[in-house]
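Taken in sequence, the protein lines are chains A and B.
Mind the numbering: the first sequence is residues 1 to 116 in my numbering, read in order.
Mind the numbering: the second sequence is residues 1 to 112 in my numbering, read in order.
One or more of the hints may lead you astray.
[Stated by the list, open to error] Pairwise CB distance ranges (calculated):
hint : chain 1 : residue 1 : chain 2 : residue 2 : range
1    : A       : Q82       : B       : S82       : 19 to 27 Å
2    : A       : S72       : B       : H56       : 25 to 33 Å
3    : A       : A80       : B       : K55       : 18 to 26 Å
4    : B       : T12       : A       : S72       : 39 to 47 Å
5    : A       : G28       : B       : G42       : 38 to 46 Å
For the record, the hints were derived by calculation from the structure and aren't laboratory data.
Note that this is a predicted model, so its numbers are computed, not measured.
Beta carbons are placed, not taken as given, at the ideal position from N, Cα and C, and that holds for glycine.
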Amino acid sequence: DTEVTQTPKHLVMGMTNKKSLKCEQHMGHRAMYWYKQKAKKPPELMFVYSYEKLSINESVPSRFSPECPNSSLLNLHLHALQPEDSALYLCASSHRIAGGPLGELFFGEGSRLTVL
Amino acid sequence: KNEVEQSPQNLTAQEGEFITINCSYSVGISALHWLQQHPGGGIVSLFMLSSGKKKHGRLIATINIQEKHSSLHITASHPRDSAVYICAAAFYSGGGADGLTFGKGTHLIIQP
């Protein structure tokens with residue numbers, strides 16, 4: 001199984017809603033990532049989890065809250081978002097050698113978020 | 001500063017043509033990734049390389065560590081190769097490489 005599965009594929013939410021994006025992989029990868037991608041722009045790194053610990057938070061607003069319950073699952077909790085947060089949210093995973101290089105990245109299909 | 005520059009931004013070619021996309025980066029990396037993104041979102045990893053050359057089917061990726069430059073070549077291009085190709089670098093940080101820094105992508109269209 002070389003898949004990264006993201007749910008939901010599409011999400012529409014109001015600015016007062018609380019919702020979550022989910023990501024799952026069963027490849028034994030110990031590094032998982034959230035990226036945000038706006039239209040016609042490259043992905044931007046939001047969060048990195050390495051061995052279930054948050055290792056990078058690229059100055060992302062607190063209305064985005066990541067969670068890594070176990071080595072196969074990654075969540076992104078959303079609360080009080082703004083319309084400018086509408087984007088494609090991509091999850092990825094890779095092998096991770098502590099203090100060393102990343103392995104090949106496997107991406108999910110993304111969750112397309114629209115904030116009204 | 002960790003930067004990745006990619007060229008060209010847009011490329012339109014005829015079916016069968018040899019395609020080259022270039023990528024340069026600013027400082028030392030642990031690996032360089034070439035990715036493909038079709039309309040609709042999903043990203044597929046094509047190559048990960050830290051030296052030399054890799055080949056997969058009609059795709060070839062090369063990297064020159066001294067010159068901090070990589071190229072992606074497509075031989076005998078086909079309309080199904082039409083996609084955005086993204087170069088991404090895994091830069092070293094204090095604890096090892098974390099995440100990728102992406103180039104702006106090359107939007108490739110292969111016309112029949």
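Determine which of the earlier numbered hints do not hold for this structure and return their numbers in increasing order.
-> The structure breaks hints 1, 3 and 5; every other hint is satisfied.
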